[in-house]
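Chemist: Line order of the protein sequences matches chains G and V. Following the working numbering, the numbering of the first sequence begins with 1 at its first residue and continues without gaps. Following the working numbering, the numbering of the second sequence begins with 110 at its first residue and continues without gaps.
Hints may be right or wrong, so weigh each one.
Unchecked claim - Ranges between beta-carbon positions, derived for each pair:
hint	chain 1	residue 1	chain 2	residue 2	range
1	G	56	V	166	29 to 37 Å
2	G	78	V	162	26 to 34 Å
3	V	178	G	1	41 to 49 Å
Unchecked claim - Derived list of chain V stretches under chain G, where covered just means 3 residues or more per stretch with a C-beta under 8 Å from a C-beta of chain G:
hint	segment
4	152–165
5	183–195
Claimed, not checked - For lysine-lysine, the following DSSO-like pairs were computed, each having C-alpha atoms within a straight-line distance of at most 30 Å:
hint	chain 1	residue 1	chain 2	residue 2
6	G	108	G	55
7	G	54	G	108
8	G	68	G	53
9	G	68	G	54
10	V	180	V	166
11	G	1	G	68
12	G	1	V	166
13	V	166	G	68
14	G	1	V	123
If you are wondering where the hints come from, they were derived from the structure by calculation, not from laboratory data. Note that beta-carbon positions come from the ideal geometry of N, C-alpha and C, so glycine has one too.
Each chain, letter by letter, is given below.
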Amino acid sequence: KNEVEQSPQNLTAQEEEFITINCSYSVGISALHWLQQHPGGGIVSLFMLSSGKKKHGRLIATINIQEKHSSLHITASHPRDSAVYICAVNDNAGNMLTFGGGTRLMVKP
Amino acid sequence: NAGVTQTPKFRVLKTGQSMTLLCAQDMNHEYMYWYRQDPGMGLRLIHYSVGEGTTAKGEVPDGYNVSRLKKQNFLLGLESAAPSQTSVYFCASSPPRGALRETQYFGPGTRLLVL
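This is chain V alone, in the form it adopts within the complex (with noise of 0.2 Å):
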């Protein structure tokens, strides 16, 4: 089981262009989760999709799409970068509906700066 990864590991866009950020979960889980983490802000929730077919906002989606057209994967869509979206971003997933309270499971994370 590879777990939860994430493509790529690090990337600089200059501002205005577009990426898109690839979280692949072999664990069969339900539920996926894309945060940001930022130095004396902990992580935040940006989108998180409960099943396949499933996008909800987070905490702070501005700025950012997700789609989840397979289980298994769950992408982060910037469209056009601002140097605010400079960041360290995890995705993560967690088992199905019957067992939503249990742990989530993070990937190692893609660090992004913008310039």
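Chain G on its own, in the form it takes in the complex (with noise of 0.2 Å):
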């Protein structure tokens, strides 16, 4: 079973401060997923990669498959930003998710 790390738990940040969030993972996958669930519960699909580097808008991630790591960045960050920011993985097989416990990130005026 893949084991899902994400670091930090919890980040406070002021706006336009460039964030970064972690996630590392055991066993060789398929794909990466980043989530971003809101306050009301919501969940939305932000990326899905299998390597290299996406970009949509404000939000960057990357992925190094060698070192089973991804990074979620977040540039000029806005309290509107403020969420849990989720980390998934495919197994090979491309069935099924697990999940990272996710990053709860608020960003302040």
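Both chains are sitting in their own frames, so use the hints and assemble them into the complex.
Modeler: Right, dumping it as structure tokens:
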């Protein structure tokens, strides 16, 4: 079973700060996902990646397959970025996701 | 497109009662999933389905049953609810087999309290 660890568990930042959230996993995967869960509870997929880097607006996700590690970066953070960010990995068969415990981010104005 | 919807949004049960949670998706997705989310535990897969008429066990299947009689619906049943099943339940779906590794789309969640 893949073990997915995220760090930090909690993060408080000032508006405009550059934020990095890390995710590491123990067993080879077919893909890694970054999800966002807002205070209301809804979960939205941000990225799915299997190599390299992806960028969407102020969000950047990178993955290093050899090191079994991924990072999610937020540039010029804003209070509306406050949410729980969750890392999840697909097993090699691709059917099942294993989730990290999440990183709770609060961005203060 | 409504996306993924879940019914009900909130339910209170007494120990031993049964209930069914309904998940519906209108995106023609082949794959559907049921997760539970507990404080400090993250999301965990209960059961999943790779197509109409098929189901498979996930990480924490005990105490739950599922059915996928129609492609657009995935039902999660609790035959005899226990307080340990108090949780928030999320349904998700993902695109057809050819895009298997594409993202999952989540429903809004069902909050269940078992007394």
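Chemist: Now tell me, hint by hint, if it's right for this structure.
Modeler: To see whether the hints hold, each was checked on the structure:
1. G/56 - V/166: 29 to 37 Å: At roughly 34 Å between Cβ atoms, residue 166 of chain V and residue 56 of chain G fall inside 29 to 37 Å, so the hint holds.
2. G/78 - V/162: 26 to 34 Å: Given about 46 Å between the Cβ atoms, the range is violated.
3. V/178 - G/1: 41 to 49 Å: violated (30 Å)
4. 152–165: holds (count 6)
5. 183–195: Per the Cβ count (0), the hint is violated.
6. G/108 - G/55: With Cα atoms ~24 Å apart, residue 108 of chain G and residue 55 of chain G stay inside 30 Å; holds.
7. G/54 - G/108: holds (26 Å)
8. G/68 - G/53: holds (14 Å)
9. G/68 - G/54: holds (17 Å)
10. V/180 - V/166: holds (18 Å)
11. G/1 - G/68: Holds, at about 14 Å.
12. G/1 - V/166: holds (14 Å)
13. V/166 - G/68: This hinted pair holds, its Cα atoms lying about 26 Å apart.
14. G/1 - V/123: violated (34 Å)
Hint violations for this structure: numbers 2, 3, 5 and 14, all remaining hints satisfied.
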